[in-house]
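A.B. asks: Sequence:
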Amino acid sequence: MTFGPKNAAHEYMSGNAANTAQAKTAIKGKTFIDIVPGGNPQCPAVQTAAAGSYPWAIAGWDADPLIDEGVVTGQRRGAWSVTAGEVLADGDVLAVGAGGKAVKWVAPAHVVGKARGSAVLNGDVAVDVNF
1 MTFGPKNAAH EYMSGNAANT AQAKTAIKGK TFIDIVPGGN PQCPAVQTAA
51 AGSYPWAIAG WDADPLIDEG VVTGQRRGAW SVTAGEVLAD GDVLAVGAGG
101 KAVKWVAPAH VVGKARGSAV LNGDVAVDVN F
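Numbering (this note's numbering), first residue to last: 1 to 131.
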């Protein structure tokens, strides 16, 4: 038996900028998320961030409004694990890729952070963020 949320992001370092949000659609932990209409100032509505966008946060764990009411913590500052959307190397400048995963930055995408180590496709990479 396991305890706690599924697929939780590992906190490497935090600037204490964790905010509660409500997933409007199913989201995966350790992916970039963005605010969408339908929430409120105390608990914004979120979904997986679009490729190339500037996200609001990193999803702290898997959330689904049909299963667990979609409550999730958005991690907005620090060094957090994010799922890699391609092979990444230490020091790569990153952007949001398909499915909210971290990919190498290519213009005109927004820069979202920098890799702290390497990662294989769909593996975890530590990313410095400050949203």
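No lab work stands behind these hints: they were computed from the structure.
Where a beta carbon is used, it is the ideal one built from N, C-alpha and C, also for glycine.
Any given hint could turn out to be false.
[Unchecked claim] Okay, derived cross-link-like pairs now, DSS-like style, lysine-lysine, Cα gap no bigger than 30 Å in a straight line: (1) Lys104 - Lys28; (2) Lys28 - Lys114; (3) Lys6 - Lys114; (4) Lys104 - Lys6; (5) Lys24 - Lys114; (6) Lys104 - Lys114.
[What the hints assert, rightly or not] Derived DEER-like restraints, expressed as beta-carbon distance ranges: (7) Pro37 - His110: 13 to 23 Å; (8) Ala89 - Asp68: 29 to 39 Å; (9) Val93 - Asn122: 29 to 39 Å; (10) Ala107 - Asn40: 14 to 24 Å; (11) Cys43 - Ala89: 19 to 29 Å; (12) Val93 - Leu66: 34 to 44 Å; (13) Tyr54 - Gly123: 19 to 29 Å; (14) Ala18 - Gly99: 30 to 40 Å; (15) Leu121 - Gly91: 12 to 22 Å.
A.B. asks: Does each hint hold? Answer for all of them.
C.D. replies: Consistency of the hints with the structure:
For the hint pairing Lys104 with Lys28, the CA-to-CA distance comes to about 20 Å; that is within 30 Å, so the pair holds. Of the pairs offered as hints, the one joining Lys28 and Lys114 holds, with about 21 Å between alpha carbons and a cut-off of 30 Å not exceeded. Between Lys6 and Lys114 the CA atoms are separated by roughly 25 Å; this keeps the pair inside 30 Å, and the hint holds. For the given pair, Lys104 sits about 26 Å from Lys6 by alpha-carbon distance, which is consistent with the 30 Å threshold.
Using a Cα cut-off of 30 Å, the hinted pair Lys24 and Lys114 holds, with the two alpha carbons roughly 28 Å apart. For a cut-off of 30 Å, the pair hint linking Lys104 to Lys114 stands: about 9 Å separates their Cα positions. Between Pro37 and His110 the CB atoms are about 20 Å apart, so this pair conforms to the stated range of 13 to 23 Å. Checked against the given bound of 29 to 39 Å, the beta carbons of Ala89 and Asp68, roughly 35 Å apart, stay inside it.
The hint said 29 to 39 Å for the Cβ distance between Val93 and Asn122, and at roughly 20 Å that hint is violated. Between Ala107 and Asn40 the beta carbons are some 35 Å apart, a value that contradicts the proposed interval 14 to 24 Å. Look at Cys43 against Ala89: about 37 Å separates their beta carbons, and that is not inside 19 to 29 Å. A hinted range of 34 to 44 Å for the beta carbons of Val93 and Leu66 is consistent with their spacing of about 36 Å.
Here the CB-CB span from Tyr54 to Gly123 is close to 24 Å, well matched to the stated 19 to 29 Å. Taken as a hint, the range 30 to 40 Å is violated for the pair Ala18 and Gly99, whose Cβ atoms sit roughly 22 Å apart. In this structure the supplied range 12 to 22 Å holds for Leu121 paired with Gly91, their Cβ-Cβ distance being about 18 Å.
Violated hints for the displayed structure, listed by number in ascending order: 9, 10, 11, 14.
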